Amino acid sequence: MLRHALLLAGALASTGLAAYPKDPYGSPMWDYNLERYLGEKAEVVLDDRVNLEVPPFAEDSSQVPLTVDLSGFDTPVQKVITWVDLNPIPHLFTYVPQTRVTVVSLNFRVQQATTVRAAVQDESGVWHVGSAHVDAAGGGCTAPSQASSDPNWEEHFGQIRGGAFSPANQSRLKVYVRHPMDSGMVGNIPAFHIETLEIRDTAGGQDEPLLKMTLSESAAENPMFVFELPDAPPQYEVWMRDNNGNQFQRQVGEAL
Amino acid sequence: MYATRFGKQFAASALALAVSWSVQAAGVTDDDLLNDQDTVDDVVTYGMGLQGQRYSPMNDLSTENVKQLQPVWAFSFGGEKQRGQESQPLVKDGVMYVSASYSRVYAIDAKTGEEIWQYDARLPDGIMPCCDVVNRGVALYGDKVIFGTLDAKLVALNKDTGKVVWIKKVADYQAGYSITAAPIIVKGKLITGVSGGEFGIVGKVEAYDPNTGEILWTRPTVEGHMGYVYKDGKKIENGISGGAPGKTWPGDMWKNGGAATWLGGTYDPETDSLFFGTGNPAPWNSHLRPGDNLFSSSRLAIDPDDGSIKWHFQTTPHDGWDYDGVNELVSFDLKENGKTIKAAATADRNGFMYVLNRENGDFIRGFPFVDKITWAKGLDENGRPIYTDNGRPGDPADMKGEKGKVVVAQPAFLGGKNWMPIAYNPNTELFYVPSNEWSMDIWNEPVSYKKGAAYLGAGFTIKPAHDNYIGVLRAMDPKTGKEVWRYENTAPLWGGVMTTAGNLVFTGTPEGYFKAFDAKTGKELYKFNTGTGIVGTPITWKMGGEQYVSITTGWGGAVPLWGGEVAKVVKDFNQGGTVWTFKLPNDNVASR
Chain U
1 MLRHALLLAG
11 ALASTGLAAY
21 PKDPYGSPMW
31 DYNLERYLGE
41 KAEVVLDDRV
51 NLEVPPFAED
61 SSQVPLTVDL
71 SGFDTPVQKV
81 ITWVDLNPIP
91 HLFTYVPQTR
101 VTVVSLNFRV
111 QQATTVRAAV
121 QDESGVWHVG
131 SAHVDAAGGG
141 CTAPSQASSD
151 PNWEEHFGQI
161 RGGAFSPANQ
171 SRLKVYVRHP
181 MDSGMVGNIP
191 AFHIETLEIR
201 DTAGGQDEPL
211 LKMTLSESAA
221 ENPMFVFELP
231 DAPPQYEVWM
241 RDNNGNQFQR
251 QVGEAL
Chain S
1001 MYATRFGKQF
1011 AASALALAVS
1021 WSVQAAGVTD
1031 DDLLNDQDTV
1041 DDVVTYGMGL
1051 QGQRYSPMND
1061 LSTENVKQLQ
1071 PVWAFSFGGE
1081 KQRGQESQPL
1091 VKDGVMYVSA
1101 SYSRVYAIDA
1111 KTGEEIWQYD
1121 ARLPDGIMPC
1131 CDVVNRGVAL
1141 YGDKVIFGTL
1151 DAKLVALNKD
1161 TGKVVWIKKV
1171 ADYQAGYSIT
1181 AAPIIVKGKL
1191 ITGVSGGEFG
1201 IVGKVEAYDP
1211 NTGEILWTRP
1221 TVEGHMGYVY
1231 KDGKKIENGI
1241 SGGAPGKTWP
1251 GDMWKNGGAA
1261 TWLGGTYDPE
1271 TDSLFFGTGN
1281 PAPWNSHLRP
1291 GDNLFSSSRL
1301 AIDPDDGSIK
1311 WHFQTTPHDG
1321 WDYDGVNELV
1331 SFDLKENGKT
1341 IKAAATADRN
1351 GFMYVLNREN
1361 GDFIRGFPFV
1371 DKITWAKGLD
1381 ENGRPIYTDN
1391 GRPGDPADMK
1401 GEKGKVVVAQ
1411 PAFLGGKNWM
1421 PIAYNPNTEL
1431 FYVPSNEWSM
1441 DIWNEPVSYK
1451 KGAAYLGAGF
1461 TIKPAHDNYI
1471 GVLRAMDPKT
1481 GKEVWRYENT
1491 APLWGGVMTT
1501 AGNLVFTGTP
1511 EGYFKAFDAK
1521 TGKELYKFNT
1531 GTGIVGTPIT
1541 WKMGGEQYVS
1551 ITTGWGGAVP
1561 LWGGEVAKVV
1571 KDFNQGGTVW
1581 TFKLPNDNVA
1591 SR
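Protein chains in written order, with my numbering: chain U, 1 to 256; chain S, 1001 to 1592.
The shape of chain S in the complex, shown without the other chains (with noise of 0.2 Å):
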């Protein structure tokens, strides 16, 4: 009796000094940020690594063996609430960190699939994020976890014990606001986007202090608001966004002008700058304000440093049909003409992919990435769309009723591609696009402000352009516009796509299947049913000599939601809210 409780104390603190010790060795420095995309024992970004590319310079795992790629466990999320699950896991340390449904964090052993911890946001019954209660993943910093809620906070966790260490409000729930992307942490400063642009908010980038959640600057992306820094607990004004209001928004318009930022960003250190996208102008109908409404759907370089806007490509001036401009923007060498050009990619909901110069912000080339855009006859030299005629929907003013003339148009506002993030392979020199085939009708109505409210202006229904796929991966070269090679998908696509140096692309897909590519001509290699749709992004890492692959899986987001006519291929997939993960045994790695 004695010698055992003596005993199981004794395992018990030799237990907590061992887990302690190792934690004093850990925690996420700049450095590890800025070289995670190099290193492969552990993945410290969302992007995995800050310009985006989900790119993973391992090669265990190859086209020759991928089939041999084994699961190794499952971790469920747990609750009656499942929902979407849109997450990209983090590991460090062999602990993953991982975010869920319903604004929840966990910590799970990489290694064997425990529990560490997990943190539960109460959140108000008011929130009201438009697409779905996903959260995008966690950021990681010293000896924190930092994540954003649906009620518009950031919350930081310590990364041991799951304990909230500071709470920060960065906006009002209540007028629309929420936070639904990862943040990232650029040269000590954790930077957010938010969401709402359908409630009529105003976007915007803002930096934080990670340690304390202090506030460092603040910068709207709707022309016409004052950005500000914050220096020893003063607020100090750093210039208005575009300079001043009025000058592409009509009246008063801009005051509620959308844009949100809600998809993040990514950063580009040789550069020094962020780039993040923003969404729609606000409201939907485009009748209400004529003019080009910057910034929305534009991508924006920021300086980190305090959060004033370097340069902006806007993709589409004058939105009418719900393009959001906030897909990820990946910084890649561009490598043609015999010169090497800091360049950037962006696949737009609109439909075209764009090729940036990162230094500067200008057009190189632009060339639609699906196979048909009805609004839009092509780009000029510049980048700017050449608008079809009466491709916009009709104007409810011209018409007898409240309802404006109803058009046609493709993609529908779901987007040739939607949130879900590319990769980028420096060996094949591709980009992985997961995009969408489908067009939609769409009419505008009057609308005006009201706090809280949808503030649409407009009325659409999805319809599928196929009837045997929706959903194609595709490899697109940034040299010629040309896609490469396509995987068509029944349903359509709604996850994040990675590449490795195995010359392997992978992804997942609503149906549940995980599955990996060859990257150069796209054969699929391997798949694997999770049980419930997968609208994650995966990953990769090395433990113990060996490669592993994780993804989130669990049916969600907006395509349930929203998706219209959509909804007969996707009705019978079921919800779950899962992480997988895969290895490749030691012994299955052929000798090289």
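Chain U on its own, in the form it takes in the complex (with noise of 0.2 Å):
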């Protein structure tokens, strides 16, 4: 143990940090943020083809949508790390595609003006990242969700709503859960929130998701998750988990 760890100072020593680029928003948690989920010793770019679409100022700090679109980052991707720099819990998703992924769209909570961060990690483990703005009223993580105002939640917890559309030749998911989504930051009220999501091909014998995604309390409350799979098989499932340990899926494809 002791020598491992004068071996990695050593390596440490010799090469020293790699430096992180300058952000161009000036964000504060630009640095810590970075270091938070990439490393320390993370090699990071910025690259324009990580394109994050918000709006200029969030209507609704509970619900803001958040599209990452990489329909101009056509070399592999090995990973995918979103987060919004100055809420409680910056990080929002991460996902691990098998297939190539144009488009996620997922709504998110926002407790102040904030910038928003996508990372995409290419096949040499470097990080392109892309950013965007949103301006807001906040408060969105440390309100109470609707549900947590209706004694009678349980009766639509888990609905699940989803369907596959082909705009183009693109295969567009769209599945929708209602789930409070409570971050665990307001009174009283325990964290109780999708942490996985997971696209399986149902047809194919391939083990490995062809997406999984890990969720943050950053996430809206009945989320909306819209993907873009061009090489999508003809049919997959949606599952997900949350924190209590309830699953929600959901059967998407030409058969239904």
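Hint data in this document are derived by calculation from the structure and do not stem from the laboratory. Check each hint, because a few of them may be wrong.
Here chain S is said to cover these stretches of chain U; the calculated rule only asks that three of the stretch's residues, wherever they fall, bring their Cβ under 8 Å from a Cβ of chain S [unchecked claim]: (1) 66–77; (2) 110–124.
The calculated SDA-like cross-link candidates involving lysine to any residue, where the alpha carbons are at most 20 Å apart (straight line), are [to be verified]: (3) K1163/S - N244/U; (4) K1163/S - A191/U; (5) K1169/S - Q159/U; (6) K1081/S - R172/U; (7) K1169/S - G187/U; (8) K1234/S - D1252/S; (9) K1081/S - P144/U; (10) K1163/S - Q159/U; (11) K1169/S - N244/U.
Here are some, though not all, of the chain U residues that point toward chain S, as calculated from beta-carbon distances under 10 Å [said to hold, decoys possible]: (12) D150; (13) P151; (14) N152; (15) W153; (16) E154; (17) F157; (18) P180; (19) E195; (20) E198.
No experiment lies behind these values; they were computed from the predicted model shown. Glycine is no exception: its CB is placed at the ideal position from the N, C-alpha and C atoms.
Build the complex from these two chains, which are given one at a time in their own frames, with help from the hints.
Put into structure tokens, the structure is as follows:
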């Protein structure tokens, strides 16, 4: 253990830290969050091909749509991490694709006006970061969910709608699930949110899911996911699991 | 800057490794569960042993030195919603696992009282616990912590992270089901009962695979309902409970017959039997259901392999007073006339204590453990009650208006003893019974079943039997049926009891005192004010060569909700939610 540590220290001393590029938005959280989510030795470049779309102003701080458009990113992707710099828990989602994913969209909560980031790791391990800024009145993370004030919330809980659409020969998947997604930051309402989402090829014998996503507390109530998967098989399944162990499933594809 | 950051990381990773090593060495096994009563360095079962004796062979703490017991830490469950804390903690490898009100579970460093993780179940607003939002404890198996929720689900958590491994719906909470008891693990199966006897549910005992949450068998506790075993995904009929419907119930009444198994069960490895008690028949109005109403208000011996009923013993046939028969059946060796009998004893809601042969359910003897019983004159040679005339609330059909004749019955429906577990000390050969002296006015009313609505057909109000005390902690001799000593308490006792080889008996009071008594004489030797009422059950274990004792505190349970005139005694007790842990410091142990 000690020997290993010394070796590591030596390596660090000789190469030094990879310097991060300057943040075009000048966020105070830039270095901190890059180190936290990508690691202190991560090689980071700014890349316009990582295109983030957010509204300029969040009309509703508890429901802010984010679209990560990678249609211009034409090299293979290992992993994608998104975060909201000034949220109490900045991390929004991370996914690992086994197929090409051109667009991912999800609503998030915003606590105050903030930059939003997406980091895309290419095959060589380099992180390509894109950013956007959303202005907001704020408070979205610490406001109670609508479900928490509805005594009948469980009647609709877990209702799931979803379907595949194919505009211009792309497979576009939309999934909507009724879930309070409570962040755990509101007094007396325990954290209760979807932690994992998988898109699984139901026909093929593939073991790894086409896409595996983990979500954090910044994701909004009743999340609406959009994925564009140009090379998706004709049928697949969307599966989710929350931190209470509830599972939600939806078959998508031609057979329906 | 550089060095600091690196140093921090190194420290963090070393800690992570140390934790994962100790974790790999741990994990509760079937042997750990079977031997829990003999091992002093952990408590891995509800009951401090599957037989439920709540006896520790430790004698570091004794009548001589218990005065030197010192609090070492207190852990708050937090939250605005507190309510009753009826949980018994478990301890394994220096970590305490304890549940709290509102289906919460905590892992705590047993040495320091620091939280390791916390799990809060997200409960629907429509949960229907009759008698407070309590939970009585968790089960441990392998790397899992398993407990039942107020919306009638089983949840398995990873013992190191508190993350959900699996969740399983046991029954429909909207029909009135919930789970408040600690599940137990027997022969690799997770065994649970259900609550909901006030809502016309059908009681059942079920076994699940603790690793996956898959159901293995189900056994309804009301005559007429089919039991099933599950093999390779198939549901296979395994016999109707009681053989057929309608033998001891009129018409369709068995379909909503109650008999909830809400207090869980014990297990006796010598006879390979699960012992589960069953609650009141539904509705409370007994004139609607002439007959014995099996298997309500009974003790059942159940085969853990497939859920078959081996034998039953009904304490209150055709119950009309809400005398649930759920109270724990505690296995013990009864030594008399030069023989050792495999016996078991239970102190019933109805005021009688029963000693049974646990091999076949035969009645050995029964005797009152409360001062006064109005509803029965005694027990016959088979242990069946001999009812008094006019002891039963009147049939509303005999009266003008809706309400039947009111009777005064003692004990009250909250019981000579309620859920709070007894303890048996093999050295003194005495049972320690937390009991209450109270009566009730009770009357019957017409009622019909409606899903999710209270199904009682009765009204009632409880009154203390004495001006100066309600609770009585009693030492009962199972050979003679005599009370050997008693401790009288102003408020009703609602917490469990533990006894040790140090000749001690521990329990807590709603006034907030954690107390220790001499097991032979009942002399009070120690008390400590925990700041809120105690309705939990103590445990003891050894860590770093020192004897520790823990108890959950936090006033609540059924008494403040249903206690009627008892309110004047308990109305000023404040809620809370804390685990208190005490120890006897090493240098205070007398050398032996």
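Status of each hint after checking the structure:
{"no.": "1", "hint": "66–77", "result": "violated (count 0)"}
{"no.": "2", "hint": "110–124", "result": "violated (count 0)"}
{"no.": "3", "hint": "K1163/S - N244/U", "result": "8 Å, holds"}
{"no.": "4", "hint": "K1163/S - A191/U", "result": "12 Å, holds"}
{"no.": "5", "hint": "K1169/S - Q159/U", "result": "17 Å, holds"}
{"no.": "6", "hint": "K1081/S - R172/U", "result": "45 Å, violated"}
{"no.": "7", "hint": "K1169/S - G187/U", "result": "27 Å, violated"}
{"no.": "8", "hint": "K1234/S - D1252/S", "result": "29 Å, violated"}
{"no.": "9", "hint": "K1081/S - P144/U", "result": "17 Å, holds"}
{"no.": "10", "hint": "K1163/S - Q159/U", "result": "23 Å, violated"}
{"no.": "11", "hint": "K1169/S - N244/U", "result": "12 Å, holds"}
{"no.": "12", "hint": "D150", "result": "8 Å, holds"}
{"no.": "13", "hint": "P151", "result": "4 Å, holds"}
{"no.": "14", "hint": "N152", "result": "8 Å, holds"}
{"no.": "15", "hint": "W153", "result": "7 Å, holds"}
{"no.": "16", "hint": "E154", "result": "4 Å, holds"}
{"no.": "17", "hint": "F157", "result": "8 Å, holds"}
{"no.": "18", "hint": "P180", "result": "7 Å, holds"}
{"no.": "19", "hint": "E195", "result": "9 Å, holds"}
{"no.": "20", "hint": "E198", "result": "16 Å, violated"}
Comparing the model with each numbered hint stated earlier shows that hints 1, 2, 6, 7, 8, 10 and 20 do not hold.
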